[in-house]
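A.B. asks: Here are the chains, one letter per residue:
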Amino acid sequence: MNWIVDFKRKRRDLSRCSALLGGLVACGILFSTTIQAAVTEEANVDLDFARQILPILSDKCFVCHGPDTRKKNFLRLDSFEAATEDRGDYQAINPADPEKSELLLRIHDTDDPMPPEDAEKQLSDSEKELLSQWVRQGGDYAKHWAFVPPTKSKPAKTDETIQNEIDGFIHARMRESEADFAAEADKASLARRLALVLTGLPPEPEQLAAFMGDNAPDAYERLVEEMLSSPRYGEHQARYWLDAVRYGDTHGLHLDNRRGIYPYRDWVVKAFNENLPFDDFITWQLAGDLLPNPTLEQTLATGYVRMNPTTSEGGAIPLEFQAKNNFDRTETLGTVFLGMTMTCSRCHTHKYDPITHSDYYKLFAFFNSTSESSMDGNSYEYGPTLKVPKDPASWPAWEELLAKRDRLLTRASLGSAVSSEALMSYAEPRRGWSSSDWEKTAIVGLNDPIPNSEDWKEVKGLPGKARRNPVPRPGKAVYLSFQLAVPADQVLWLSFVGGKASSVSVGDNQIDLPSGSAYEQQEHLVPLSLEEGIHTVRIRIAGSSRSGDIEVRLKNPWDQVAKSKALDKLDPSDRLLLLADPNGPFATLNLTTAAEAIAQRFFAESANLTTSLVAKDLDKPRETKVLRRGEYNLPIGEALEPGVLKVMGSLPQDAPKNRLGLARWLTDRENPVVARVLINRVWQRIFGIGLVRSPEDFGVQGQYPTHPQLLDWLAVEWQDRDWDLKEMIRLMVSSRTFRQSSQWRDAVKDPENRIFARGPSHRLDAEVLRDLGLWAAGVLDPHMGGEGVKPYQPSGLWMALAHPASNTKQYVQDSGRRLYRRSLYVYWKRTSPHPMMTLFDAPSRESSCVRRSRTNTPLQSLGLLNETQRIEMGRMLGERLLREGIDDNTRLDLLFSLLASRSPMPSERLACQNLLETMRQRYKNAPDDATALLSTGEIARDTSLEVSEHAAWTQVATTVLASDVSILLY
Amino acid sequence: MDTSGDDSLSERRFYPPLLINSTTTNTMNPLREHELMMTRRHFFGRSALGLGTAALANLWDGNALGAAGTGIGGGSGLHHAAKAKHVIYLFMSGGPSHLDTWDHKPKMQDMFNEQLPDHIRGGQRVTGMTANQKSGLPLAPSKYKFTRHENNQDGVWVSELLPHTAKMAKELCVVHSTFTEAINHDPAITYIQTGSQIPGRPSLGAWVSYGLGSLNENLPGYVVMHAKSKFPEQSLFNRLWGTGFMPSDHQGILLRSQGDPVLFLSNPDGVTRSDRRAQLDTLAALNQAQHERFADPEVLSRIAQHEMAYKMQASVPELMDLSGEKDDTFELYGEEARNPGSFAACCLNARRLVERGVRNVQIFHRGWDAHGNLPKEHESQCADVDQGSAALIQDLKRRGMLDDTLVVWGGEFGRTSYCQGNLTRENYGRDHHPRCFTVWMAGGGVKPGITYGKTDDYGYNIAHEDGTPMDPIPNKEKWTPGTMHIHDLNATIMHLLGVDHTRLTYRYQGRDFRLTDVHGHVIKDLIA
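Residue numbers (the numbering used here), protein chains in the order written: chain E, 1 to 970; chain B, 971 to 1498.
Don't read these hints as lab results, they were simulated from the structure. Built from N, CA and C at the ideal position, the CB exists for glycine as well. Hints should not be assumed to be uniformly reliable.
[Stated by the list, open to error] With the Cβ distance kept under 7 angstroms, some of the chain B side facing chain E (calculated, not the full set):
1) P1169
2) Q1204
3) F1207
4) Q1228
5) L1233
6) A1255
7) A1265
8) R1481
[Said to hold, decoys possible] Which stretches of chain B does chain E cover? Using the computed rule of at least three CB atoms under 8 angstroms from a CB of chain E, they are:
9) 1214–1221
10) 1239–1250
11) 1266–1277
12) 1470–1479
The whole structure should be built from the sequences, with the hints applied where relevant.
C.D. replies: Below you can see the structure in the form of structure tokens.
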């Protein structure tokens, strides 16, 4: 059998490298060692403790002799001091006389070996060899590389063609393997790659054409700038962050109900687009609420803290979930920022990494004092929440309005403007007021007379929201009436939604509706100036384009003043109404008009608000103790103060012991891991693979960086550049490393591309596959932000799983433009995400994911070729080709130009042409089939196009969309 | 060097795809690809020509470790000889009442409405639903008649709610002493299916797929069905058949009774099978051209996946087409088996799937969460599952398939012996009860016709032989004889499939994760 020969030959080749011997036989290892052999060529000069020895100790010895050794005085091998300790009759490592080291003796001892014969993990020969060598060299310990803060070194200037330091480091490493850069990718492929990597979409045809015709030396740089400044950039980059922080639109556990959190997602997009310095990006998310006078965005960003899945299952024990929610946050912090698995230390001191049981709970303590209840109440507004406009574009205006309101209130200084006696003596008589039952008419024409009294019916729910009593459509009206009893002369504020022709009367007096923005927006806030006594109020609600139930509210802020006996308990907006009261004690300040104008706008905007979960701390922190075995009901020891992992330094001196202090530590220059972990993930999304290939684990058991100096350089450079992310991405995509061709290189034996001697190449993510198709078909809706969208989905998927009481059991598909929004905005139900996402390796977002798998399955083929949205894309793309091209050739050119940024190769053209001919014949003979195919999806087909021709092109487009021409990055 | 990748086969330790496959990087040298192919042939223990490149690619790209065993053909296991090649797990979501089905407590008949004695409760926590109820914890004896059925020991008592299953007594291995720590649905079902109460870990089925791969090339290796119930209470979650941090190709594939049996299986309207053939030929040509440009072996694998999809489009409808089933099938499973989505139909599908080489089938049946009106709900639930479960065993047996097919029946916990809500002799409700519940297994190498473990006279605690309560605490070093923690159940299922649960690991975040975490003991007493 030939393969044995092959295998043996390979083995002989490799055996030069003694360190690799042990791994050859194991199937999994064969691959990685072969790669090593090809590109690393270990030299046995100085042993690198962190890289060569510590992983062995950690994997094979620490299980008993590690940081979590339970027995007192048991030998530990995780520090030099412990390992060299004189233990009476022996020393594990004897630096003075290495041959007498117990460790050395025992690993070779056949009678009483270490690890013991029954241990799960045994040492390989090569590992024994390495350990022996190390002990003989004195058994020096060094800190694990990731726990030592990075420093910048200068790359060797290997070549004058290198673009920047990145190339310097990469090239130096290539040289060690006697390789060189690959040729630069062709211009078109490079444009496609750049656009996909930065924005998640291919270059626009005009962009591509301009770039192809631009021979200026800075043409590429200018294209980079275009991509970096596209709003699509932020959307695409945000997606990776949302995977890491496990963003979802539902609570995630049990009922898996809706959760109000999408403004956080929109903030992440905005932050990437505006290139918010990354230290701020981190700080705002962890502790924006604790910054002085936090802005709307700083507060919104704390949605990060609230992202853990939650439950409100009947019978669940709150204390248990208080612990579980914080386990989740602590461990997610570990994955997202520290590249550390924290889970082990929940129950006991970490076996491998120097993280103690109490370290874990000190970190846990930062999160344990947030004020939300541990049960979500299955509520969308699982407080604390922040009210924000649904559309992120309105955030600045809203914030400005709030600021204006606050400035006015500050200016008015209500507390000192009127004595408290005067205030209370005005408020007290005005407490307590009541309204009778409400009546309404049927919906009548706008100009019809008011219906007779017998046609009035009682209506439940007012003041407030009268369910199942819709606001009339334009051209119609409805009348409401009630009696209002007020105890003294005063102003009451009436609000409701209605068209321009709405009106209010008290008794026989018609009240003028205030004009202004509120009026235009069909929101009305009407001051009713009333004398003591009983009044009949009648409202005519004119038809409005805004749908929804009738909502009428009455506000008497004096009542609240009288009840709470203080002004500061009142909501600022209610204080504004006090100020706006023309008869009240504050009228003398002459601010009534200004206050009412703001109140009007404020009220109008309120209808466009939604809520987003945010973090807030309790006034008095919760006590945190170590939990034995991670059991919520088994606290042990003293109460702990919040604190950071000892092995990664300490809280900066003046940092508060709260989440803000935690953020200070994360963004501190002394922090050894955060910048490395984050920049490694940036590298991973630009180049397809990280410099550390276990981006979720920088611990002792993780992978050693392929380019440690480059990683460190990037981490420090980023901080030197004030955490400017676009700068770093600019550096990466400008590098010669990025610009190389992705073509396979026979001469470079590096299948995993560990030395980056060719450009990135891999299958695109689920979201990109969908967006790219929608874009090519010309149906992608560029609208940004807002509530998650629900595209086509096979029916019954949610119902099959959902609790009958869940408010996400019915998948109500959207229609119109919302079907064609970017995939970033697809509604994320955590217990059942969209199947086309799951099919292409999107995570569930129940837990943090910093690296998606890239699988290859038959079900993906079915999805690509049969799913409704894919077919609709195909036929819309077919339509576009028919419209924009003049013959088969120009149409195929356009198709390939859109999807591959190039013309088809002859073999590709031939394959497509063949399919086209076959399908033309086929659909000419079966026009009904053609019509059926062209009826898939919501958009009506262009009936001016010949049906069989359109169907044939649909098949060609669908096929090319599913092919590697489209679905790969290259 | 990377020592984490340095190991030898004799230790049979396995690494995540980070090291062993191409999910992180999909560009490989054709020469190396050839080498891999060769290695695969060796591991599969049979000629690649016999199995076809597509299947190989699938198995491998699925990171299936079964490849590393002694070959997949015989399903002979990963670490040791397998007793079972297949597993069919009938999951009763919501928590069936052991007290009204399998755990006969005659003494409780005289204790109607008496309070659960403190010494029995032993200070155990009670869910928030009954912790403060005014009536306290009044005992609710089962209203159902139990009958003793001959097995291979002293017989097994089964309630009148499960007349068909009772007749299978000689095949069943009934474990009365199953227990868990989780007290609410979401954590409990996540725990029993993934080994952790907090979401994020791979499911039992994903572990089986990862460890053993697939046995056929036309159907998915791991299939999940949802059976209809009149009381679809409580939620299910994708995570129960999901892959957590493992690559997503190990996830359970839903076989649905509504729409396409497998998502996106059918061609769109106006596209025939021969149209699809023409599309696939074009796809292959396009992908081949791409391959010539980039020499990326993933491309070839993708061509194979498209072909597999094409085969599935034929094999799945064939699977779902019951016209070839003889009348006696429907006598056995009941006419209900003709009703798509019924539990009986799912059982029949399960047999057909296993017959076609699918390794792992799970049927989820909801509606067992009987906090109130237990009799009405459980009567309906039992009627749903009884005949189908019994028929499945019989059917497998008469086809000679029961020997290597393990059938498991059970929920995420049991129900309390005290009543929740109003209590009468005829009507009552029961709260969640993690401290003991009944799971039965059949076939696949378990001892037939036995019962195992017992509970106290109240069905509240697991009990010693003499009936005195015990309080087993799961301990990774020591197993308490007579008990079956859910980790033990999973360890035992894995063992029967030829997998050592302590050695099937997946490295993520520097840790070698296991289905059973650091727990679980194979219960040898249950194995034939």
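A.B. asks: Does each hint fit the structure? Answer for all of them.
C.D. replies: Each hint tested on the structure:
Checking B:P1169 against chain E by beta carbon gives a least distance of about 4 angstroms; that is within 7 angstroms, so the hint holds. This hint holds: B:Q1204 has a C-beta 6 angstroms from the nearest C-beta of chain E, less than the 7 angstroms allowed. The beta carbon of B:F1207 is positioned within 7 angstroms of a beta carbon in chain E (closest approach about 4 angstroms), and the interface hint is therefore held. A least Cβ separation of about 5 angstroms between B:Q1228 and chain E falls short of the 7 angstroms threshold, and the interface hint therefore holds.
Below 7 angstroms, beta-carbon pairs count as interface contacts, and B:L1233 has one with chain E at about 5 angstroms; its hint therefore holds. Against a cut-off of 7 angstroms between C-beta atoms, the interface hint on B:A1255 holds, since the closest Cβ of chain E lies about 4 angstroms away. Satisfaction of the interface hint for B:A1265 is found here, the shortest Cβ-Cβ separation to chain E being roughly 3 angstroms, below the 7 angstroms cut-off. Taking 7 angstroms as the C-beta cut-off, the interface hint given for B:R1481 holds, the closest approach to chain E being about 6 angstroms.
Counting residues of the region 1214–1221 of chain B whose beta carbon lies closer than 8 angstroms to any beta carbon of chain E gives 7, which reaches the threshold of three, so the coverage claim holds. Residues of the region 1239–1250 of chain B with a Cβ under 8 angstroms from some Cβ of chain E number 8, which satisfies the need for three, so the listed coverage holds. For the region 1266–1277 of chain B, the stated coverage by chain E is satisfied: 7 residues place a CB nearer than 8 angstroms to a CB of that chain, which reaches the threshold of 3. Only residues whose beta carbon comes within less than 8 angstroms of a beta carbon in chain E count, and the region 1470–1479 of chain B has 5; three or more means the coverage holds.
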